[in-house]
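Novice: Listed here are the chains, written in short residue letters.
Protein chains: 6
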Amino acid sequence: MRIKIINPNTTWSMTEKIGACARSVARPGTEIVAVSPAMGPASIESHYDEALAVPGLLQEIAAGECDGIDGYVIACFGDPGLKAARELARGPVVGIAEAAMHLASLVGSSFSVVTTLGRTMGQAWHLAEVYGMKRFCANVRACEIAVLELEAPGSRARERIVDECRRALDEDGSDTIVLGCAGMADLCEHIGQVLGVPVVDGVAAGTQLIESLVSLRLATSKRGELARPLPKPISGLLGDFALPAVPPALKRAA
Amino acid sequence: MRIKIINPNTTWSMTEKIGACARSVARPGTEIVAVSPAMGPASIESHYDEALAVPGLLQEIAAGECDGIDGYVIACFGDPGLKAARELARGPVVGIAEAAMHLASLVGSSFSVVTTLGRTMGQAWHLAEVYGMKRFCANVRACEIAVLELEAPGSRARERIVDECRRALDEDGSDTIVLGCAGMADLCEHIGQVLGVPVVDGVAAGTQLIESLVSLRLATSKRGELARPLPKPISGLLGDFALPAVPPALKRAA
Amino acid sequence: MRIKIINPNTTWSMTEKIGACARSVARPGTEIVAVSPAMGPASIESHYDEALAVPGLLQEIAAGECDGIDGYVIACFGDPGLKAARELARGPVVGIAEAAMHLASLVGSSFSVVTTLGRTMGQAWHLAEVYGMKRFCANVRACEIAVLELEAPGSRARERIVDECRRALDEDGSDTIVLGCAGMADLCEHIGQVLGVPVVDGVAAGTQLIESLVSLRLATSKRGELARPLPKPISGLLGDFALPAVPPALKRAA
Amino acid sequence: MRIKIINPNTTWSMTEKIGACARSVARPGTEIVAVSPAMGPASIESHYDEALAVPGLLQEIAAGECDGIDGYVIACFGDPGLKAARELARGPVVGIAEAAMHLASLVGSSFSVVTTLGRTMGQAWHLAEVYGMKRFCANVRACEIAVLELEAPGSRARERIVDECRRALDEDGSDTIVLGCAGMADLCEHIGQVLGVPVVDGVAAGTQLIESLVSLRLATSKRGELARPLPKPISGLLGDFALPAVPPALKRAA
Amino acid sequence: MRIKIINPNTTWSMTEKIGACARSVARPGTEIVAVSPAMGPASIESHYDEALAVPGLLQEIAAGECDGIDGYVIACFGDPGLKAARELARGPVVGIAEAAMHLASLVGSSFSVVTTLGRTMGQAWHLAEVYGMKRFCANVRACEIAVLELEAPGSRARERIVDECRRALDEDGSDTIVLGCAGMADLCEHIGQVLGVPVVDGVAAGTQLIESLVSLRLATSKRGELARPLPKPISGLLGDFALPAVPPALKRAA
Amino acid sequence: MRIKIINPNTTWSMTEKIGACARSVARPGTEIVAVSPAMGPASIESHYDEALAVPGLLQEIAAGECDGIDGYVIACFGDPGLKAARELARGPVVGIAEAAMHLASLVGSSFSVVTTLGRTMGQAWHLAEVYGMKRFCANVRACEIAVLELEAPGSRARERIVDECRRALDEDGSDTIVLGCAGMADLCEHIGQVLGVPVVDGVAAGTQLIESLVSLRLATSKRGELARPLPKPISGLLGDFALPAVPPALKRAA
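Protein chains in written order, with my numbering: chain D, 1 to 254; chain X, 1 to 254; chain E, 1 to 254; chain H, 1 to 254; chain A, 1 to 254; chain C, 1 to 254.
Keep in mind that the hints are not guaranteed to be accurate.
[Unchecked claim] Each pair of labels, with its calculated beta carbon distance range:
| hint | chain 1 | residue 1 | chain 2 | residue 2 | range |
| --- | --- | --- | --- | --- | --- |
| 1 | D | Arg158 | X | Pro247 | 29 to 37 Å |
| 2 | H | Ala63 | A | Pro231 | 57 to 65 Å |
| 3 | H | Ala63 | C | Gly236 | 55 to 63 Å |
| 4 | C | Gly196 | X | Gly236 | 34 to 42 Å |
| 5 | D | Arg158 | A | Gly239 | 56 to 64 Å |
| 6 | E | Gly196 | D | Gly239 | 49 to 57 Å |
| 7 | D | Asp170 | E | Gly196 | 26 to 34 Å |
| 8 | A | Trp12 | D | Gly196 | 46 to 54 Å |
| 9 | H | Arg166 | E | Asp240 | 52 to 60 Å |
| 10 | H | Glu151 | C | Asp170 | 42 to 50 Å |
[As the list claims (entries may be wrong)] Which residues of chain D face chain C? A few of them, derived with a C-beta cut under 10 Å, are:
| hint | residue |
| --- | --- |
| 11 | Glu98 |
| 12 | His102 |
| 13 | Ser110 |
| 14 | Pro198 |
FYI, nobody ran anything at the bench for these hints, they're computed from the structure.
C-beta: ideal position from N, C-alpha, C; glycine also.
Let the hints inform the model, and build the full structure from the sequences given.
Specialist: Here it is, written out as structure tokens:
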């Protein structure tokens with residue numbers, strides 16, 4: 001199967017790390033396509049950044065529909081544009097916060113999310129609520145590390161993240177850690193070994209879940225809220241996002 | 001004071017109706033600026049439409065910050081981009097679903113939302129939850145009327161909406177109606193007279209609430225999640241959305 | 001329009017402060033009538049005090065109905081008698097806890113309530129729940145200051161309240177303050193300037209909201225729970241509270 | 001032990017029925033004192049009625065404190081004045097809605113409340129929520145029978161109540177009935193026999209629960225919200241309700 | 001009436017303490033039968049222990065049905081097997097966590113549970129939720145005392161429990177204590193005297209509640225989920241648990 | 001990897017169907033071991049049946065720990081013994097209700113559960129709540145088909161299930177179906193084709209999820225509630241269930 005992992009920010013060094021992580025956990029026959037959109041912010045640390053990342057993300061979904069992609073992972077812990085992406089895609093779409101929280105709820109009594117900047121904590125709590133995972137979420141904690149600092153060689157980010165995870169277990173009463181940024185994907189194994197509890201990275205979790213959905217032929221329900229959007233005029237800069245009256249599936253067959 | 005009402009779709013006939021409604025309830029000294037963005041979909045009926053409407057909406061917020069706007073109303077019942085807009089604005093921002101639900105909760109025991117297409121009901125329930133208004137929301141009902149059908153001369157939309165409101169009172173046990181689309185603003189008084197219960201239109205409610213916040217000098221808190229977004233590179237089509245290192249307020253003072 | 005602000009305790013110095021605050025935020029054409037009931041406790045700091053304040057409050061509502069009052073504000077943070085008042089009034093009624101919490105939810109991610117005595121904290125939490133505002137309420141905190149101490153010249157109450165507000169922001173993760181007593185109305189601007197976050201006083205908030213409801217002609221729904229009470233005999237000390245078979249509106253027209 | 005059952009309305013025929021019911025289930029050594037207050041409405045069917053019944057109810061609690069009462073039952077399904085009564089009493093106080101809902105949750109999966117007038121349904125739902133019993137409450141249903149109609153000889157109230165209980169079991173998926181008015185106490189056994197499911201009357205339930213609390217020496221906690229109210233001046237008609245600086249317990253010992 | 005108190009572990013010294021406690025609060029005419037099952041773990045401190053205690057517990061219920069037992073109390077704070085026991089019994093069944101939490105909610109604003117091992121805290125929270133008592137539960141605290149340590153002569157368990165209860169009141173904002181283990185039944189009175197707040201022991205609470213239900217003739221509803229299990233083959237070690245096609249009630253009459 | 005699917009009832013024809021379903025979706029390198037316990041009821045349709053199925057289930061987990069099993073699926077929609085199994089196992093354990101509900105929440109807005117007997121509906125709702133999936137669960141519906149009727153050749157069960165699924169979509173507003181019994185695993189594809197919406201079978205979902213957890217090396221956290229049970233004496237019929245002081249993992253290495 002072909003799975004597209006979309007890092008919705010435009011920092012390709014992070015996209016490559018994400019792609020490598022996904023490939024390291026993907027099943028033998030799975031092709032992982034890891035991309036950043038052609039447009040959008042270099043990192044996503046606010047609702048404003050999210051809003052501006054979503055059109056580029058949707059462009060990648062639309063392109064994927066023409067390229068025969070079977071399922072998508074949105075690789076930013078805010079899960080930006082998830083419902084819009086589901087409307088657009090024939091196959092399933094999962095976000096990495098969604099994936100990480102779901103798997104964490106299967107292996108522990110409660111988890112702590114350890115994320116980057118404090119201003120993103122509200123979004124993590126919001127997602128926990130809409131996914132039904134709030135009852136498992138003991139706490140959301142920020143290391144006050146900017147997303148791109150995770151990419152900087154020689155940064156002390158790793159130590160600070162491990163420290164915050166340790167405090168989480170001690171103070172929150174949780175027994176599982178959820179890493180709150182796609183840029184932390186490469187730290188997952190190390191932290192798990194140091195702390196001796198399950199540590200869930202959303203990129204790996206999302207890759208596994210999307211493979212499961214595809215192999216079970218479970219695609220987004222097109223019956224109600226998540227049906228394909230109605231075609232309509234879109235004006236100005238985003239004019240090319242107007243959907244064709246006939247979905248691309250048919251065009252592709254031509 | 002100067003209040004900007006942003007209809008996030010690009011159908012100006014609807015924007016004019018919304019502006020007229022806002023002006024009809026605004027206080028004597030208030031200047032109402034009603035606009036549609038320069039870019040975006042002609043109507044908003046899906047998460048995809050919302051996602052593509054938000055950049056244009058944010059452009060209008062950014063412009064408003066340069067033009068001395070005191071407060072903003074987002075005039076689409078899905079309240080798209082509300083948190084991003086709050087990050088960007090110095091003054092307060094309210095959505096019309098938010099405004100209508102809050103005021104409805106002050107005059108009745110529970111309300112029914114009567115909206116356009118069934119596929120938007122999920123978003124109405126979602127907003128009711130995040131605003132804390134789910135406990136007052138007896139039901140969300142769709143008339144299966146497309147947004148732009150409300151603009152069509154000679155449409156039977158009005159009758160169908162009144163009928164659905166009547167059924168809502170009879171079947172939901174509610175005692176108040178919330179109109180679920182900015183395009184219904186001009187029907188509010190009529191429906192209230194026919195049904196004899198409070199009928200809340202979000203455009204009028206939002207206009208009043210934003211005037212209240214401005215006159216009380218209550219602006220969005222900049223302490224945490226809603227602080228101004230960090231400046232960062234934004235690439236591609238939306239490149240002009242990159243925020244200046246110095247917020248426009250200072251530039252304006254120069 | 002004529003708005004009646006009822007301080008449900010009988011301490012007139014507090015009533016005058018409340019009236020002054022309401023007038024300072026009211027619209028040009030609004031007449032503010034600020035009163036205390038003729039009967040009831042000197043301050044409200046328990047459920048017992050609330051219960052004994054409500055009959056006097058209702059008497060003021062009944063009188064207001066004869067005097068052509070358009071809307072009412074109940075100016076005690078416990079919002080005593082709110083539903084009974086709504087049954088009795090033709091126009092809208094809001095409580096100051098209700099008003100403050102609603103407006104606070106529009107300008108921040110979460111608020112802390114800072115109130116007087118610890119024993120009233122339960123009621124503040126209760127109101128947050130019934131108004132749907134619990135999800136925005138990060139904490140309720142008491143300064144252990146008696147209500148009437150706020151009226152005492154030379155009291156150090158102001159300093160203690162500012163200190164508690166500062167602790168709230170530091171410890172609760174909130175970004176907005178709600179003042180938990182009508183007697184704090186005159187401190188609102190000062191605290192906001194010191195702390196640099198939105199500080200919401202219920203008297204000002206309630207005045208603005210009731211003006212909004214009246215100007216939108218949104219009155220309490222009379223369809224269900226909040227319909228006018230059925231007339232019936234009331235015996236003993238409160239015998240005069242028996243409602244006439246014909247509501248006073250008709251008498252007034254005579 | 002001495003238990004005081006307070007019917008907070010002033011209809012003594014109902015009080016006698018309530019007293020008889022309580023006596024029929026009380027333990028051998030228990031003295032049941034059933035009273036109506038000296039002041040207040042003839043029946044309680046609105047928030048207004050409740051508000052005006054509470055002072056008389058509190059007077060009966062205060063009198064009971066001088067008379068050596070060990071525990072109190074508030075015998076109206078709206079549980080008016082419950083928290084204020086708890087502040088005033090040394091011993092425990094329970095409401096009949098509270099008692100009935102608690103016991104119903106012990107014998108079934110979910111219950112339906114069958115009550116008098118539709119306008120009181122909101123209060124029943126409210127109580128279910130504050131007692132934590134909402135998850136057990138499948139529905140609240142009204143027979144549209146006025147409270148005093150239950151007292152009228154020859155009324156068809158009994159048949160209508162049985163019918164509504166039967167519909168509740170069929171339509172709500174519940175397996176237990178809670179009778180929603182103290183005036184239905186005498187119907188409990190009959191309805192249980194007809195329907196073959198547990199039928200809980202609050203007067204009987206409250207009598208049993210208060211006996212249990214008294215015999216376990218579990219009295220209202222005086223540590224926080226429910227501590228004895230602070231003494232303070234009360235003016236006007238209710239002036240006699242001002243509490244003495246020294247609680248009556250000590251006076252009684254003199 | 002005949003009440004059977006089942007301590008679902010097999011430590012008879014604890015069963016005797018539980019029986020003595022139940023007898024000390026039971027009504028004059030009540031016969032208390034306190035037993036441990038013939039099979040199962042010596043103490044219950046995990047979900048595994050619970051699972052293995054339940055068959056023995058159900059055996060005691062089945063035996064009770066032949067012996068004319070009127071009601072049952074399950075005397076372990078995890079309330080193991082409660083729903084299965086309700087299916088099996090004709091009369092009512094209550095668990096001691098259930099009983100203690102219900103009564104605690106009647107006498108205070110919120111309670112803290114003080115229990116044995118930290119690993120059982122999750123179950124206490126779970127029960128609080130399913131009984132609707134989570135809103136009253138300020139905290140669950142563990143003393144890290146093994147259940148059987150409570151039985152050891154000369155243990156310092158009592159001091160540690162009192163200390164934890166005191167901390168609960170100071171730190172949790174609660175005003176009532178719930179003892180989280182049947183083995184603490186004999187400490188209830190002492191702790192209440194030391195702390196001056198209501199302290200609720202589940203064995204005493206359960207005894208009183210089951211007596212109330214029996215005397216009100218309120219038995220488990222047999223209409224839906226809690227109907228008698230369908231007879232069917234059970235193979236292997238537990239083969240004797242297969243239910244007879246005809247319930248024992250009829251056999252007993254023979 | 002080696003995955004053990006435990007059908008907790010003792011009907012081996014059903015176990016074989018479950019095993020075949022699991023094998024049909026498992027990854028190439030996965031060995032599926034499908035078993036029924038040596039003891040327990042022939043089908044699970046009540047809390048009593050569940051309680052008696054759990055010891056046999058735990059025996060299979062214990063055996064699996066000696067046999068090098070990597071992960072377990074509990075293949076009964078009531079997910080009996082899930083937490084106890086997690087305590088006992090080193091690797092991960094998932095229940096099929098848990099698995100099906102989680103995956104359903106990823107592909108639709110809300111799901112309906114279609115199950116066997118009405119008396120099991122309460123348990124399905126309970127599981128939806130404890131997994132955080134209640135917000136996605138539009139309804140639980142019963143076909144009133146006994147579990148073993150699904151195994152009977154020539155039964156009309158299939159038609160009735162399809163009919164109930166169709167009604168669910170029409171009446172519940174859901175867009176996804178969850179099959180509420182392991183015995184329906186073979187109907188999943190057919191129903192999906194007929195209805196055109198995602199239909200989730202828990203056996204397939206559980207197989208995929210457990211493979212994901214194992215391949216990500218995510219095992220149950222042993223830090224708190226789910227740590228290995230403390231060894232202790234177990235008496236009577238279940239005496240062999242007493243855990244060794246040294247866990248079997250070490251013995252196996254010897």
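Novice: Hint by hint, say whether it matches the structure.
Specialist: Hint by hint, here is what the structure shows:
{"no.": "1", "hint": "D/Arg158 x X/Pro247: 29 to 37 Å", "verdict": "33 Å, holds"}
{"no.": "2", "hint": "H/Ala63 x A/Pro231: 57 to 65 Å", "verdict": "58 Å, holds"}
{"no.": "3", "hint": "H/Ala63 x C/Gly236: 55 to 63 Å", "verdict": "58 Å, holds"}
{"no.": "4", "hint": "C/Gly196 x X/Gly236: 34 to 42 Å", "verdict": "38 Å, holds"}
{"no.": "5", "hint": "D/Arg158 x A/Gly239: 56 to 64 Å", "verdict": "58 Å, holds"}
{"no.": "6", "hint": "E/Gly196 x D/Gly239: 49 to 57 Å", "verdict": "42 Å, violated"}
{"no.": "7", "hint": "D/Asp170 x E/Gly196: 26 to 34 Å", "verdict": "33 Å, holds"}
{"no.": "8", "hint": "A/Trp12 x D/Gly196: 46 to 54 Å", "verdict": "39 Å, violated"}
{"no.": "9", "hint": "H/Arg166 x E/Asp240: 52 to 60 Å", "verdict": "43 Å, violated"}
{"no.": "10", "hint": "H/Glu151 x C/Asp170: 42 to 50 Å", "verdict": "47 Å, holds"}
{"no.": "11", "hint": "Glu98", "verdict": "7 Å, holds"}
{"no.": "12", "hint": "His102", "verdict": "5 Å, holds"}
{"no.": "13", "hint": "Ser110", "verdict": "9 Å, holds"}
{"no.": "14", "hint": "Pro198", "verdict": "5 Å, holds"}
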